[in-house]
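Protein chains: 2
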Amino acid sequence: MSKLAVLASGSGSNFEAMVHYFRQQATADIVLLLSDQPQAQCLNRAERLGVPAAAQRVRDFPDKDSYERWIRDTLLDSAVDMVVLAGYMRLCGPTLLQAFDHRILNIHPALLPSFPGKHAVEQALDYGVQVSGVTIHVVDEGMDTGPILYQEPVPVFAGDTPETLQKRIASVEHRMYPRVVEAYFQGEVTLKARRAIWKEEPTWDCGF
Amino acid sequence: MSKLAVLASGSGSNFEAMVHYFRQQATADIVLLLSDQPQAQCLNRAERLGVPAAAQRVRDFPDKDSYERWIRDTLLDSAVDMVVLAGYMRLCGPTLLQAFDHRILNIHPALLPSFPGKHAVEQALDYGVQVSGVTIHVVDEGMDTGPILYQEPVPVFAGDTPETLQKRIASVEHRMYPRVVEAYFQGEVTLKARRAIWKEEPTWDCGF
Numbered sequence: 001m002s003k004l005a006v007l008a009s010g011s012g013s014n015f016e017a018m019v020h021y022f023r024q025q026a027t028a029d030i031v032l033l034l035s036d037q038p039q040a041q042c043l044n045r046a047e048r049l050g051v052p053a054a055a056q057r058v059r060d061f062p063d064k065d066s067y068e069r070w071i072r073d074t075l076l077d078s079a080v081d082m083v084v085l086a087g088y089m090r091l092c093g094p095t096l097l098q099a100f101d102h103r104i105l106n107i108h109p110a111l112l113p114s115f116p117g118k119h120a121v122e123q124a125l126d127y128g129v130q131v132s133g134v135t136i137h138v139v140d141e142g143m144d145t146g147p148i149l150y151q152e153p154v155p156v157f158a159g160d161t162p163e164t165l166q167k168r169i170a171s172v173e174h175r176m177y178p179r180v181v182e183a184y185f186q187g188e189v190t191l192k193a194r195r196a197i198w199k200e201e202p203t204w205d206c207g208f
Numbered sequence: 001m002s003k004l005a006v007l008a009s010g011s012g013s014n015f016e017a018m019v020h021y022f023r024q025q026a027t028a029d030i031v032l033l034l035s036d037q038p039q040a041q042c043l044n045r046a047e048r049l050g051v052p053a054a055a056q057r058v059r060d061f062p063d064k065d066s067y068e069r070w071i072r073d074t075l076l077d078s079a080v081d082m083v084v085l086a087g088y089m090r091l092c093g094p095t096l097l098q099a100f101d102h103r104i105l106n107i108h109p110a111l112l113p114s115f116p117g118k119h120a121v122e123q124a125l126d127y128g129v130q131v132s133g134v135t136i137h138v139v140d141e142g143m144d145t146g147p148i149l150y151q152e153p154v155p156v157f158a159g160d161t162p163e164t165l166q167k168r169i170a171s172v173e174h175r176m177y178p179r180v181v182e183a184y185f186q187g188e189v190t191l192k193a194r195r196a197i198w199k200e201e202p203t204w205d206c207g208f
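Residue numbers (this note's numbering), protein chains in the order written: chain C, 1 to 208; chain R, 1 to 208.
Just chain C, same shape as in the assembly (with noise of 0.2 angstroms):
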């Protein structure tokens, strides 16, 4: 059985989510959440789901790379297989990725390369889309760059604000992230360069 970490700063849905899909389908064991942010709900959920967490600030150590090799070490300390970021805040450096390469996957409220960053709901309602969506990527250097395990496409409705868009995106995050996980570990999608090669390929719910 697959061993998964997960990574997380914030609420921590897609963590939870997570967990029980995964003690449904018995296919992997989220041992472990870790968070920058000692205060940050996630680690709420954690405790309440049982699952190991820890956190540490990372202004707590000399530099940003000695809090990765924190990260790093815990993460190799219980044997984790793949890590899954869920509303991680940070980039990985080169110790992280090193560790794991092209182990490590996150979630993206948009429709990649549009509206990278931390206020990707925000921006996609400024300009005016009408699709926004989701993205689930193998993380590299860059800021949500790597290349795409999955997409799906939301709608944007006039109406909408940050709040209702959010969680219309987040409906379709916490249905597909586990899945997609899962699939990946599971060798169901491979890359090809930066193509996804699914054996069978995955539909869209377009049932909004």
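For the record, the hints were derived by calculation from the structure and aren't laboratory data.
Don't take every hint at face value.
No copy labels: a pair is met if it fits in one copy or bridges any two.
Listed below are the simulated PhoX-like cross-link pairs for lysine-lysine, each with C-alpha atoms no more than 25 angstroms apart in a straight line [claimed, not checked]:
{"hint": "1", "residue 1": "K167", "residue 2": "K199"}
{"hint": "2", "residue 1": "K192", "residue 2": "K167"}
{"hint": "3", "residue 1": "K118", "residue 2": "K64"}
{"hint": "4", "residue 1": "K3", "residue 2": "K199"}
{"hint": "5", "residue 1": "K167", "residue 2": "K118"}
Put chain R on the given structure of chain C with help from the hints.
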């Protein structure tokens, strides 16, 4: 009945789809095709379809603005209400934008702001997106930067080539561009800053 002109540089397949649509609907009359490429296939289509057409090379004018004044004056001579760009490979300058303020529409074979410019389909494949699409927008002075009236997602499959993806996108273009042009001149879709307000939210065709 609205009088439309189409500007095109290439094959003119969107032009032809629009002619057929409006001859059936009888809500607008396509009174003119203008091109910057005297050898372009769109001119043959115009002749076959019985649509008046003219073409001039930019390089046969003293400067770009003289060329654009020819476009503008030809449009005004025909009492054109709205201008539809359909594979017109030039930016619109101030002469044309001022004469037809918010009355020039364009279609782009990607989900803007991703992949603006001339090589959208190839760039989408190279990036590895799984959701591309079609954007119909009001033209401003930028390259594919104007406010969006309509977007529709189009899936990218693992086996896609530029040709197969282009074909899938073109089928959405031919279906939707005439409808969105019509909705715009009938006031069914309006702009509030950069956001389109549809009287009735359009739905995507997800039957791929």
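**Request:** Check each numbered hint from earlier against the structure, then list the numbers of those it violates in ascending order.
**Result:** Checked against the structure, no hint fails, so every one of them is satisfied.
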